[in-house]
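Number of protein chains: 2
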Amino acid sequence: MKWTQSYIPTLKETPAEAELKSHQLMLRAGLMRKLSSGIYTLLPLGFRVLKKVIRIVEEEMDRAGAQELLLPVLSPSELWQATGRWSVYGQEMMRLEDRHKRLFALGPTHEEIITDLVRHEIRSYRQLPQNLYQIQVKFRDEVRPRFGIMRAREFVMKDGYSFAADEKSAEEIYGEMYEAYDRIFSRCGFRFRIVEADTGAIGGSFSHEFMVEADSGEEMMVVCGQCDYAANLSRATSADDIPGKDEKPAVLQKVSTPDKRTVEEVTGFLKEKPGKLVKTLLFKTEGRMVAFLIRGDDELNETKASNVLNGGKLEMAGPAEIESATGAPVGFTGPVGLKNVEIIADKKVQCMKNMVAGANEKDAHLKNVNFPRDFKIDRVADIRQVREGEPCPKCKKPLNIKHGIEVGHVFKLGTKYSRSMNAVFLDANGHEKQMVMGCYGIGVSRIIAAAIEQSHDENGIIWHKNIAPFLVHILSVNAGEKDVVSASEELYRKLDSAGVEVLMDDRDETAGVKFKDADLIGLPKRVTIGSKSLKEGKVEIKDRATGNVEKMSMSEAVDCLKAFQSE
Amino acid sequence: MKWTQSYIPTLKETPAEAELKSHQLMLRAGLMRKLSSGIYTLLPLGFRVLKKVIRIVEEEMDRAGAQELLLPVLSPSELWQATGRWSVYGQEMMRLEDRHKRLFALGPTHEEIITDLVRHEIRSYRQLPQNLYQIQVKFRDEVRPRFGIMRAREFVMKDGYSFAADEKSAEEIYGEMYEAYDRIFSRCGFRFRIVEADTGAIGGSFSHEFMVEADSGEEMMVVCGQCDYAANLSRATSADDIPGKDEKPAVLQKVSTPDKRTVEEVTGFLKEKPGKLVKTLLFKTEGRMVAFLIRGDDELNETKASNVLNGGKLEMAGPAEIESATGAPVGFTGPVGLKNVEIIADKKVQCMKNMVAGANEKDAHLKNVNFPRDFKIDRVADIRQVREGEPCPKCKKPLNIKHGIEVGHVFKLGTKYSRSMNAVFLDANGHEKQMVMGCYGIGVSRIIAAAIEQSHDENGIIWHKNIAPFLVHILSVNAGEKDVVSASEELYRKLDSAGVEVLMDDRDETAGVKFKDADLIGLPKRVTIGSKSLKEGKVEIKDRATGNVEKMSMSEAVDCLKAFQSE
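Protein chains in written order, with our numbering: chain A, 152 to 718; chain B, 152 to 718.
Okay, chain A solo, but in the shape it has when bound:
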């Protein structure tokens, strides 16, 4: 492709709207433009990257035996009502009314739609398993769209769904998808981690997220520096020790703690360590009150807490609600004597001895609180958040907390949707059974942004060969000179006819502008053709990633770049 026949509107200035490096570079390098908040056009250069990503995804999905189809964007409200998601999705789901006043959703995901399809066709275990996927534009009306296509309202997603006759078969497909994802993200050139993810209210025992490591990532993951342990924050555990677990229970004692409300204030005043205190956090959920107990030096992970309540929405109780539930103002809540409130304790709380806790009385705390002597626990669960440096649950080495960009998610759904939508089949004995499902997502357009986020420098993008819009950038320095023009044209023609993806900057611009744009666009190999080196019969090839420069003859350059393409 020649630049003058392309549509590559690069920008000299960084647009003010863009915070994230990938967002800035996608605008500056002419990969995309904003049409409206969270809604973007992919320009030809950006679209070429998208197509390369799509091809990688398709090849690996097909290799894993999945079959591609295309579901509609519009889906009738009835299907969403069957699973309850018409209301659960709330404002995030975009909806419209057709000319006959029928309500439709613009698919944010397609579990309902594909389950509806399959339940009408599959009757027998002989027709199972099925593994179907599509690559499609999806819609989510994000509260705060941001970071360009990283968190957009319209985006391209690969969503796949599997249907199996039993758990074993479902797990086999899960494994195949896991492997396929591993290959896909490796081929995209990512440094990524596969983390155990929260299965949440959906149940089922498997879920993994594929996280591209990037400091700017919105997601947090807990990874071991030593072994392969990796999990997201709402799933991670540690082998943290429980100090003081061997203490003997002492006599319960009420102490005056005037105006001491926070963990620091109370434990400082009582000269205890924060880990001695048990925090009692009151939340409202579906019209009732629950209390989460957690050690004073730990933090509650709200996703873990919500999962205990099957994904119920949690809202922190307000001062009036706390006073009415406990009889005391904020800061003095404790589990002892707490009535009409479900008490859910973190695993670590069970083992604590001689705790400090609020007395449910203004300006008072209790010392030497002990379970089960002094209070009841309705449920015990892992609800704390793992901290940097805690010991790995597998190998006891220190854990790190890192930022990441989620690009893929595999999920064993179980029978959640087949149950509510009655997707059943007859097994070998003629018994009706629910299909066991899995779902598998990839943020296809997000991959473009994630790739740039992970691979750029101060001058621009550094594309991995497998997803670069072109592989070779021909740049002529003295474009006014006949020799330079004809050498450039010749190289372009030779590479193009050899099937090497090449972009030639044939614009009437200064060398400075061209060099800047070449670095900005970031194709893997840049060939510079100038009159000086041409007199020695040489051209210059620069590797964008390493910065290495090699001089060679024209025919060597052609061979070298052909070899690079087919490597």
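Please keep in mind that the hints were generated in silico from the structure rather than gathered at the bench.
Accuracy of the hints is not assured; some may be wrong.
Note that identical chains are pooled: a pair holds if it fits in a single copy or bridges any two copies.
As the list claims (entries may be wrong) - List of simulated lysine-lysine pairs, DSBU-like, C-alpha gap at most 30 Å:
1) 185 to 202
2) 405 to 435
3) 713 to 202
4) 616 to 202
Following the hints, complete the assembly by docking chain B onto the known chain A.
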């Protein structure tokens, strides 16, 4: 692909909902399923065809120098309001409100969106021309969705837009697109005609439709049996003679025609030929009344009539309105003495002599009406519909009227959108000019249905090789026998590893079911492997289109099918 590992739900019965053959076959052959009225899922087999069509379209568009991008589905109402199409589109355009109460359209087409993109980037004639396209799902809330994906509410379209500095450049791109479309539809295996199309209210002198010949087609085209003349009904003309044009004007005469209202009644009663009468058709348009004059034996083409009024909406006047405008009831309207009504006459009316016309008086007509002696004409235009058998305007041989399916449309838009959206650039002299635009559409998903409509028999689909979901269908007759199974597997493996697209029916079904399904799905070559012919060391290859059967050895079969694939 093996059938048991695929998702190909064929149907034995023809679904009642489907009228059109292509619609029936797409359902029966497991190419698609309906989700809601006019909204379909493309199943894996249908999706494979779609991908092949997309690849052909992309290859030919790219070869013609166009560049692919991806515009959003959602577009803000403001852009549509700028061109007035927010209201013009009416209920056909699907719309939604986001969480911030902003209105968006689901793109039925993208002139506004791409013009908005280009006007912000293109400043100079040096950056022109640009030819950009996308392949995308589109939305149109059809009043009466029908014929499956032929007229759906959600469908895949290729829409391209070109921007040029002047008419000449715009026409060059138009020509390139015309040629590219010719190649695209040839490669899809269509018998098609390129017809001159109506440019309508948009203006500009070029528009062509690419019509697949099919008796079931919704569109009508006028084609010459002799020369290459072809036009759609709202554009077609003929070299029809004007009988009686040499008559001398006779004296105007009022005659009593009690209760004679229709052309047949009046001319029968007066013993004149229908071609002697001039019909006066009253229509309302934008709050006023217009009269169209047309010869008694001609029909008005409403699109042509509307084009005279720059695409204004036409509504036939009711009895009360006719009486109030003419003073007479329906059936006695004529041009003589007609006041406060614009009179638009067909070209042929001008030359008529001694016409019969309504007298604007109950039970009376006029004889020997002559223009311009007896009435005025405000505008003369071609508003009649060409009839089967009329002489071709180019070669005078008889014209045929045929049904067709529109699969493509190229359009020279001129400055309609660049004017209303201020898409301007500076020319070589620094003067601001409006870009000259063209637009180019292809009904990508419709191509699948059109191909089936044009190529099927009573047993099923007959795919053209270039768009067939697979090329080869392996069918084992005695699937219980070891030799047959191993021969089938061997052939499958050899073809698959040679890159031949092959589907093997490995189901545990009777030969009858398998043969029926093979014909239904309609892959170009079927290989039958049975124990009897296998004993002679032979397999059987049947051509789906011709029905020709050849017996050959396994290795000959492999060579033959490899050659077929690479032909």
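Hints and how they fare:
no. : hint       : in the structure
1   : 185 to 202 : both (20 Å within a copy, 28 Å between copies)
2   : 405 to 435 : within (28 Å within a copy, 91 Å between copies)
3   : 713 to 202 : both (21 Å within a copy, 28 Å between copies)
4   : 616 to 202 : both (14 Å within a copy, 25 Å between copies)
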